[in-house]
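*Asks:* Produce the complete structure using the sequences and hints provided.
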Amino acid sequence: MILKIIVRYIINKYMKDYIEKLDDEKLKLDLKHGNVSLENLHLKPEALVGFGLPVTVATGFIEKLSIAIPWKNLQSHPTKVQIDGFYMLIVPKN
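Counting in our numbering, the sequence shown tops out at residue 160, every number present.
Treat the hints as calculated values from the structure; they're not laboratory data. Treat the hints with caution; some may be incorrect.
[Said to hold, decoys possible] Below, computed lysine-lysine pairings styled on DSS-like, alpha-carbon distance capped at 30 Å:
1. Lys-138 / Lys-92
2. Lys-98 / Lys-138
3. Lys-92 / Lys-146
4. Lys-159 / Lys-130
5. Lys-110 / Lys-70
6. Lys-146 / Lys-87
7. Lys-138 / Lys-79
8. Lys-110 / Lys-94
9. Lys-92 / Lys-110
10. Lys-79 / Lys-94
11. Lys-70 / Lys-98
12. Lys-110 / Lys-138
13. Lys-82 / Lys-94
14. Lys-130 / Lys-79
15. Lys-98 / Lys-79
16. Lys-146 / Lys-82
17. Lys-130 / Lys-92
18. Lys-130 / Lys-110
19. Lys-82 / Lys-110
20. Lys-98 / Lys-159
21. Lys-82 / Lys-138
[What the hints assert, rightly or not] Computed spacing ranges between beta-carbons, pair by pair:
22. Gly-118 / Ile-68: 19 to 27 Å
23. Ile-72 / His-143: 36 to 44 Å
24. Ile-72 / Pro-120: 31 to 39 Å
25. Asp-90 / Phe-152: 19 to 27 Å
26. Lys-159 / Glu-91: 15 to 23 Å
27. Leu-119 / His-99: 34 to 42 Å
28. His-99 / Val-121: 18 to 26 Å
29. His-99 / Ala-124: 33 to 41 Å
30. Leu-69 / Pro-120: 38 to 46 Å
31. Glu-91 / Pro-120: 16 to 24 Å
32. Leu-119 / Asp-96: 31 to 39 Å
As the structure is a prediction and not an experimental result, all values here were calculated from the model. The beta carbon of each residue, even a glycine, is placed where N, CA and C say it ideally should be.
*Replies:* Now the structure itself:
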């Protein structure tokens with residue numbers, strides 16, 4: 067389970083500006099086969115701030131984010147990211 071803690075830490079570190087904090091229920095790992103999936107992610111209201119847009123996220127949700135990492139062929143095959151069920155309602159900044 068230490069590996070799951072490390073992966074959760076890394077994902078939180080790089081996605082902390084966009085999604086609410088992850089917990090173990092949202093993270094599923096099969097690192098031997100290079101599969102990571104995140105489910106039921108909530109976007110932060112300030113998720114779009116870094117893009118300089120005059121909007122804020124009223125509500126945002128990702129049903130499933132899947133990452134496939136080709137460990138044996140990292141230099142010749144792409145890492146694939148798939149998003150299923152993406153919903154975002156944006157409103158003008160006040």
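*Asks:* Determine for every hint whether it applies to the structure shown.
*Replies:* Each hint tested on the structure:
| no. | hint | in the structure |
| --- | --- | --- |
| 1 | Lys-138 / Lys-92 | holds, 26 Å |
| 2 | Lys-98 / Lys-138 | holds, 10 Å |
| 3 | Lys-92 / Lys-146 | holds, 19 Å |
| 4 | Lys-159 / Lys-130 | holds, 28 Å |
| 5 | Lys-110 / Lys-70 | holds, 23 Å |
| 6 | Lys-146 / Lys-87 | holds, 22 Å |
| 7 | Lys-138 / Lys-79 | holds, 25 Å |
| 8 | Lys-110 / Lys-94 | holds, 21 Å |
| 9 | Lys-92 / Lys-110 | holds, 16 Å |
| 10 | Lys-79 / Lys-94 | holds, 17 Å |
| 11 | Lys-70 / Lys-98 | holds, 13 Å |
| 12 | Lys-110 / Lys-138 | violated, 35 Å |
| 13 | Lys-82 / Lys-94 | holds, 18 Å |
| 14 | Lys-130 / Lys-79 | holds, 19 Å |
| 15 | Lys-98 / Lys-79 | holds, 22 Å |
| 16 | Lys-146 / Lys-82 | holds, 20 Å |
| 17 | Lys-130 / Lys-92 | holds, 9 Å |
| 18 | Lys-130 / Lys-110 | holds, 16 Å |
| 19 | Lys-82 / Lys-110 | holds, 9 Å |
| 20 | Lys-98 / Lys-159 | violated, 44 Å |
| 21 | Lys-82 / Lys-138 | holds, 29 Å |
| 22 | Gly-118 / Ile-68: 19 to 27 Å | violated, 39 Å |
| 23 | Ile-72 / His-143: 36 to 44 Å | violated, 23 Å |
| 24 | Ile-72 / Pro-120: 31 to 39 Å | holds, 38 Å |
| 25 | Asp-90 / Phe-152: 19 to 27 Å | holds, 23 Å |
| 26 | Lys-159 / Glu-91: 15 to 23 Å | violated, 32 Å |
| 27 | Leu-119 / His-99: 34 to 42 Å | holds, 37 Å |
| 28 | His-99 / Val-121: 18 to 26 Å | violated, 38 Å |
| 29 | His-99 / Ala-124: 33 to 41 Å | holds, 37 Å |
| 30 | Leu-69 / Pro-120: 38 to 46 Å | holds, 41 Å |
| 31 | Glu-91 / Pro-120: 16 to 24 Å | violated, 35 Å |
| 32 | Leu-119 / Asp-96: 31 to 39 Å | holds, 36 Å |
Going down the numbered hints, you'll see the structure goes against 12, 20, 22, 23, 26, 28, 31, while the others check out.
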